[in-house]
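So the sequence shown is numbered by UniProt numbering: it starts at 1 and just counts up by one.
Hints are supplied without guarantee of correctness; some may be wrong.
Said to hold, decoys possible - Have a look at the derived ranges for each label pair, beta carbon to beta carbon: (1) Arg-76 to Lys-204: 40 to 48 Å; (2) Glu-190 to Ala-250: 24 to 32 Å; (3) Val-191 to Asn-75: 19 to 27 Å; (4) Lys-41 to Gly-237: 51 to 59 Å; (5) Lys-102 to Pro-187: 41 to 49 Å; (6) Glu-157 to Asp-107: 18 to 26 Å; (7) Glu-190 to His-73: 49 to 57 Å; (8) Lys-102 to Glu-74: 14 to 22 Å; (9) Glu-197 to Glu-157: 41 to 49 Å; (10) Asn-167 to Val-100: 25 to 33 Å.
To be verified - Cut-off 25 Å, straight-line C-alpha distance, at most; resulting in silico cross-link-like pairs (BS3-like, lysine-lysine): (11) Lys-233 to Lys-202; (12) Lys-233 to Lys-252; (13) Lys-215 to Lys-233.
Please keep in mind that the hints were generated in silico from the structure rather than gathered at the bench. For each residue, glycine too, the CB sits at the ideal point set by N, CA and C.
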Amino acid sequence: MQVELVPVLSDNYAYLLIHSATRVAAAVDPVDAAKVYSRAKELQVSISMILTTHSHWDHAGGNRELADLIYKHENRQIPVVGGPGDAVEAQTQTVTSGDVVKVGDLDVKVYFTPCHTRDHVLYHCQDALFTGDTLFIAGCGRFFSGNSAEMHHALNEVVAKLPEETNIYCGHEYTASNLRFAAHVEPENEVVQKKLEWAIEKTKDGEPTVPSTVKEELATNPFMRMTEASVQKFANGEKDPIKVLGFVRAAKDNFVIGK
Numbered sequence: 001m002q003v004e005l006v007p008v009l010s011d012n013y014a015y016l017l018i019h020s021a022t023r024v025a026a027a028v029d030p031v032d033a034a035k036v037y038s039r040a041k042e043l044q045v046s047i048s049m050i051l052t053t054h055s056h057w058d059h060a061g062g063n064r065e066l067a068d069l070i071y072k073h074e075n076r077q078i079p080v081v082g083g084p085g086d087a088v089e090a091q092t093q094t095v096t097s098g099d100v101v102k103v104g105d106l107d108v109k110v111y112f113t114p115c116h117t118r119d120h121v122l123y124h125c126q127d128a129l130f131t132g133d134t135l136f137i138a139g140c141g142r143f144f145s146g147n148s149a150e151m152h153h154a155l156n157e158v159v160a161k162l163p164e165e166t167n168i169y170c171g172h173e174y175t176a177s178n179l180r181f182a183a184h185v186e187p188e189n190e191v192v193q194k195k196l197e198w199a200i201e202k203t204k205d206g207e208p209t210v211p212s213t214v215k216e217e218l219a220t221n222p223f224m225r226m227t228e229a230s231v232q233k234f235a236n237g238e239k240d241p242i243k244v245l246g247f248v249r250a251a252k253d254n255f256v257i258g259k
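Please work from the sequences and hints to get the whole structure.
Quick look at the structure:
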């Protein structure tokens, strides 16, 4: 298995999930259809389906164009996979928790994680997890269509239960700003400070900070550290993990870098 990162728009990531033996791939959130298709051709892989994490334009907005490109140039129709509902552009196949889709001989497991949107799903294949806008490196997505309990379930009852070596492939390059906030929440967390320094250097050099791992997120992501005394202290001593998460999310929404 191979994961190819394709930077798109200003700070988004699309991906090609490739079955190495057959050179078959899934395109994950291919908002820039031409760029993703071109990269697949460079790698000599055949896109067999589109996996959409959620319906926001900057993730699903290239679905129809990519499907049309493949039909035009290769005379093939491919499925466009997305979560429950009808908001994902050009969606032809609906998936939810427990479903498995095939990319070549790879099994891709689906987790339904509504909160950022009502149709958000994660895709898990071997040691790779595609998290869209639910989980970012050292952060999480805004609760546009959900609540703290739903995000807590997604992050701390789904993602946190996966093997620690699982690689996190998220939807945006927000790492440095997220780690600045994480350092604000836990100023004595040396792991956060060290990773922030690393992320700043990577960003200066124009390099991606993706992927992270579940292990790294458990050590640095304040939205996955609800039971830590330092995070509870930041939340004015609150102990309930769902309330702590809500407090931290509200603080993040109002956080100004340099504060």
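Evaluated hints:
1. A hinted range of 40 to 48 Å holds for the C-beta pair Arg-76 and Lys-204, which are about 42 Å apart.
2. Range check, Glu-190 to Ala-250: Cβ separation about 26 Å, and the 24 to 32 Å hint holds.
3. Between Val-191 and Asn-75, the C-beta spacing of about 51 Å breaks the proposed range 19 to 27 Å.
4. Range check, Lys-41 to Gly-237: about 56 Å between beta-carbon atoms, so the 51 to 59 Å window is met.
5. Against the hinted window of 41 to 49 Å, the Cβ-Cβ separation of Lys-102 and Pro-187 comes to about 46 Å, which satisfies the hint.
6. At roughly 22 Å, the beta carbons of Glu-157 and Asp-107 sit within the given window of 18 to 26 Å.
7. A hinted range of 49 to 57 Å for the beta carbons of Glu-190 and His-73 is consistent with their spacing of about 51 Å.
8. Between Lys-102 and Glu-74 the CB atoms are about 19 Å apart, so this pair conforms to the stated range of 14 to 22 Å.
9. A beta carbon spacing of about 31 Å between Glu-197 and Glu-157 contradicts the range 41 to 49 Å that was offered as a hint.
10. Separation of Asn-167 from Val-100 is about 19 Å and departs from the stated range, judged on CB atoms against 25 to 33 Å.
11. For the suggested pair Lys-233 and Lys-202, the alpha carbons sit about 31 Å apart, so the restraint of at most 25 Å is broken.
12. For the proposed pair Lys-233 and Lys-252, the alpha carbon gap of about 16 Å is at most 25 Å, so the pair holds.
13. Note on Lys-215 and Lys-233: the hinted pairing holds, with a Cα-Cα distance of about 23 Å set against a maximum of 25 Å.
In terms of the numbered hints stated before, the structure departs from hints 3, 9, 10, 11, listed from lowest to highest.
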